[in-house]
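Student: Take the given structure of chain A and dock chain B to it, following the hints.
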Amino acid sequence: MKVQVKVWRQKNADDPGRFETYPVEGIIPEMSFLEMLDLMNEQLLKRGESPVEFDSDCREGICGTCGLVINGMAHGPKCACTTCELRMRDYQDGETITVEPFRAQGFPVIKDLVVDRSAFDRIISAGGYTSVNTGSAPDANVLLIPKDTAEKAMDAAVCIGCGACVAACPNASASLFVGAKISQFSLLPQGEAERKRRAVRMVEQMDREGFGNCSNHAECEAACPKSISIENIARMRREYMKGALTEA
Amino acid sequence: MIAKSPLLDAKIPDGPIQEKWANHKASIGLVNPANKRKYTIIVVGTGLAGGAAAATMGELGYNVLNFCIQDSPRRAHSVAAQGGINAAKNYQNDGDSVWRLFYDTVKGGDYRAREANVYRLAELSANIIDQSVAAGVPFAREYGGTLANRSFGGAQVSRTFYARGQTGQQLLLGAYSALMRQVDAGRVKLFARREMLDVVLVEGRARGIVCRNLATGEIETYAADAVCIATGGYSTVYFLSTNAVNCNATAAWRCYKKGALFANPCFTQIHPTCLPQAGEGQSKLTLMSESLRNDGRVWVPKKKGDKRPPQEIPEDERDYFLERKYPAFGNLAPRDISSRAAKEACDAGYGVGPTGFSVYLDFAEAIGRLGESVIRERYGNLFAMYHEITDENPFKQPMRIYPAPHYTMGGIWVDYNLMTTIPGLYALGEANFSDHGANRLGASALMQGLADGYFVIPATISDFLAEHRPDGLTTNHDAFTESVKAVQEQVKQLLGVNGSKTVREFHVELGRIMWEKVGMARNEPGLKEAISDIQALRDEYWKNVRVGGVNEDMNKSLEFAGRMADFLDLGELMAQDALERAESCGGHFREEYQTEDGEALREDDKFCHVTAWEYKGEGQAPEAHLEPLEFENVKLTQRSYK
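Residue numbers (the numbering used here), protein chains in the order written: chain A, 1 to 248; chain B, 249 to 890.
Chain A on its own, in the form it takes in the complex:
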């Protein structure tokens, strides 16, 4: 099969950028979406044109590196799916597919479809951890954690940090990402000691990075490849309020 890829090209953060359309031939339906882009790049290289830069790594939906807006939707139209898990059999022969980077003030474009998501690392470094030095941990079974609690914490901990929540949000809010990490630690006893400070610092860092506020569109939950619930945003708000009101 063949498709037309209408893809965003941008030299660097200062370049205004533009769409270019490239035909891609020789696609087989078993190919993944990113393999189709690999093929496009091979064909561009052969023609002496510069390939379209895009990020990807594990190609099985766990590392969170890939992330494209496909036909207007972060990670494409499928639910609970990363870009690398999409297959070409879900597209029509001859179709034109629009491909853009994740767009947000907090995610400046580096080149073409590659964006800088280091803001997420800075948010985690503002408290997304427990302060326990290596070697000082007690025996693991000293701390009993009910199965349901552990499962709930895990539901939040599965976040892969891809940033689709930001890309899907009309306000480019990072609330689902931040809420998931705050939830994981506020549900677990290990997170108790730094609970208030963590919530306040992480939320403030999110604001500093230029992400918008949450106004309950829930687009993030729909786009999240790991189906993380917006319940975590509600929990983040409670934790932040408690922290902001009682932490000096």
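Bear in mind the hints are in silico, worked out from the structure with no lab data behind them. Only a predicted model underlies this, so the values are computations on that prediction, with no experimental measurement involved. Ideal Cβ positions, reconstructed from N, Cα and C, are used throughout, including at glycine.
A short, non-exhaustive set of chain B residues, derived as facing chain A with CB atoms under 10 Å: (1) 339; (2) 377; (3) 378; (4) 385; (5) 411; (6) 636.
Tutor: What follows is chain B alone, placed relative to chain A:
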């Protein structure tokens, strides 16, 4: 008696195996807390080994510079590990102990690992679980709140801790959060999107690195008092593997070219249960958890080239080849055995699917016996993943699987302190060779990465640093200038060829040679062919590769071009090592050396040793050095699974 090379002093502490690590720690040189911040340590890689090492050394007070090729340290390929992590906690009261974990790992590695290292690994396993839980890793739990365990291959006890099918991700995020805490504290500086392209030696000692900023193309230099490489394995030399597409051997290879010996490069693990290749253009293979073989039956049609759909092939026209060949273990035969059996069936023309390179993994019998709901409960997420990728419903028709390169046991040679043959240069995790011998057991990779990173290197590195005080060396030193020049020269050369074949086309070709001749089964003529094929491909590469673009920009084609150049050299060394090792052991199966029943036949008299290769310069044959392996605690025996 195998003669030991003077280059390979493993520095194994004296005393009974149970006391070696404790005694060693008690005698290690220390650095005063107030002086630690005066030392700079470079850590390359942010996976379980690198991330945990950088975090822990930051906690200790060292000034750490941490590098990764991804856009964030959280994306290192450790993230993709599914099954779990072994630890000798004996929470199940089923007779587990440090000794048993040690014994299982040595035996599983087919007696080609160093006893003292493996024992230490088993000892530290319990601390890893404690540390990870304290970091907030949400492991699976029982209703009473205690940690849950499951069983895994190669063990008769239940010692595997897990977090759904995402244990690697959760452990990595635990190490990552500890790392980001040190970034917050200002003790670790993070350098993402950097690819290490050289290690810089001053007076024979590792003093820094040269890397390329992958976002801008800038060549950067960093100086330090010690350098740790934790850059993973080299399965992507096969092009198609279960590894991430950016996994590569370049950092390790550049260390090799600067004098670090490379050990047992032919020890690679081919995992039996992966999705088969679907056709041209595929970029990677996906692993399906080994646990599926608990209820799935592996078969091929008895008739060659039988194109009927599986449901139409009657029972008596099917060959359940694992059950036939290995009645005692059946479908649960170990990884190396199962992989080879599938390959043999396909090579003989019995394979199924569009390419003829896959075998069935059939759940019909289990579904009939247990009901669909039980199977869904056990493997629901895996079935969904399979359905998603292949568009075939495994509840209605058998899965198709085929083996794929997954892990490399070989790597940079290290002593007991994890130091390479270059003073001040360390190798951790999958990047080193030390703990898994010729075959790694399931759920042991995470254990080794974290043991090295959290506990071993932070303890052993002070011994070296205490003897080598900070001397104010900067990147203005001539050694850095020369190294930068060499790196720039190579980049220029790659960009200058401007031929007609892309890097990927070369990689696909190399992968085919490696898979066919240095893959699951190897023989002398095949390995000799592989060497000459790779040499020819390398000649062509430097004459005909098309990279495109410029250095001073993000240019992934250029990144891959540099990695490809190293894969061509590494591939040849793997073939040479496989040729030299005239025996079968673990994942290294030489067809000439098998028992009458087709099992791997070790030659302990001649090959009970580590082969570590020394680089002798461009176009020169590398030199093999041997480290004999002494087994004082575990008796050498031939494995059998009949």
